[in-house]
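Residue numbers (the working numbering), protein chains in the order written: chain A, 9 to 289; chain B, 9 to 289.
Misleading hints may appear alongside valid ones.
If chains are identical, the list can't say which one is meant, so a pair holds when it fits in one copy or spans any two.
[To be verified] Lysine-lysine pairs mimicking DSSO-like chemistry, simulated, CA-CA at most 30 Å apart: (1) Lys278 x Lys85; (2) Lys225 x Lys93; (3) Lys88 x Lys233; (4) Lys166 x Lys243; (5) Lys88 x Lys269; (6) Lys85 x Lys122; (7) Lys26 x Lys166; (8) Lys205 x Lys85; (9) Lys243 x Lys170; (10) Lys119 x Lys16; (11) Lys205 x Lys112; (12) Lys243 x Lys260; (13) Lys26 x Lys240; (14) Lys93 x Lys263; (15) Lys16 x Lys226.
It is worth saying that the hints were derived from the structure and are not from the lab.
As a plain string of letters, each chain reads:
Number of protein chains: 2
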Amino acid sequence: MRVFRTIKEQQNYSLNEKCQNTRIALVPTMGFLHEGHLSLIDKAKEHADKVIASIFVNPTQFGEGEDYEDYPRDEKKDLKLLKEKNVDCVFIPELNEMYPEGFKTFCEVGKLSKEYCGRSRPTHFRGVVTVVLKLFNIVQPDVAVFGGKDYQQYIIIKTMAKDLNLPIEIIPSPIIREKDGLAVSSRNFYLKREERKEATIIYESLIMAREMVEKGKKEAGLLKKKMIDLIKAKKHTRIDYIEFVNPQTLEKVEKVERPTKVLIAVWIGKARLIDNMEIRS
Amino acid sequence: MRVFRTIKEQQNYSLNEKCQNTRIALVPTMGFLHEGHLSLIDKAKEHADKVIASIFVNPTQFGEGEDYEDYPRDEKKDLKLLKEKNVDCVFIPELNEMYPEGFKTFCEVGKLSKEYCGRSRPTHFRGVVTVVLKLFNIVQPDVAVFGGKDYQQYIIIKTMAKDLNLPIEIIPSPIIREKDGLAVSSRNFYLKREERKEATIIYESLIMAREMVEKGKKEAGLLKKKMIDLIKAKKHTRIDYIEFVNPQTLEKVEKVERPTKVLIAVWIGKARLIDNMEIRS
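Kindly produce the complete structure, drawing on both the sequences and the hints.
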């Protein structure tokens, strides 16, 4: 497994591979890898000759007062896991390599960036889109795989790639869950024992909504209210948002008449956890 | 000469050429080609195996009330000129091809976009940077050549390419002038007979500043005042801005002690004309 720490090395490697018609898949990560990330690697392998993972905790997607400093990191373990997965190449740049002094270019996907997760994190998607665009230009992938848990992120990156005419296929990968249903996330690491127990309520609320829809309840407002009631009954929860949206456009829907995404973000202790589920009547 | 009107055709052509290690140069234009553009083609040929010119009047770089509708167009003549120049390929997309319904991604180069030309045209550089980034992704060039007259644009695109890690070299080309010194521009077409005569005052004011500096006058404030006086004496002129800046960073300078760029924009009749000159003491 090659490990590149400079942009020049990674880009030269990739441009050289491209000249040999190698199909490259990128799996961008912020490290502290878990089963969710490893499933992205498997997905990437289905679509390419070589898989390149990147590890970079991207400061521009953290807002002021967010957990950039505290975000969990474990490079040694990450490299071990990626090697076991037979990843071809890891790009793991330092902060100054990605954002040298004088950096000033940002990319943004219109109002999609300001809704849902963007409402409580107004500069988050600008940072995500910018760093992903940089990674695309450095790694030169033919396909890139993103976790389905970050659904709004997936749609925003897909929109960016389409709008900017990038010759890159954006592929989502299914959400990986713990046995009790909690979506696997690096931020689960923040949960204290009791919070971890309560955290399953997020998944349970999604399942409840799905079942209610199957039983003929279609009003998003009612479904949302029931979810809120369920979650609020837990001591350490604070709901950020719950929305019923069109899975392609992320526009809000009033009634679940076509396949609909339920997007949810809930604070549990100091962890802000997100999840989503497609439901249909 | 190949002429492509769809993104898919142009991108397939370029990706295929790249696999054969062809070095591609892009010359982006808004058409209505003049000697300035043709000099960019010559410059491009020095740096690449194949030269691709694009013709697209980009609506997102025109502000409200600006001359998007009136901007001069002459596709037939443009294609003839490019063929005579032995350009390999012309990319000439329709509006809907570049900006289909639902387009919402924009790229911006920080506060550089809001100064000088950006002050009177606040969304101009956002539009320029976005369309150039799209053209880069479509045409996949190794080098791209930009006219030196649009100096702020050149610096902004160079910054964008660096910040986003594009493996593309950005090359400026010298300003081409009419015999009387007026910088060649498609917008000179707007000038009425008397305005055209007066328009040389822009170049003359730059020459005056250069000569004053050579004679030891270094205060930007004084030089600027003399230029303003000279230009204001002409009936149809209205100065947008005159600034003395560091040629790399575009930061304003108070004194001409190192090589300095003088940036100037002047309205003459309904034409807003820009020019610039490097001066040194």
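Worksheet entry | In rising order, the numbers of the hints this structure does not comply with | 2, 3, 4, 5, 6, 9, 11, 13, 14, 15
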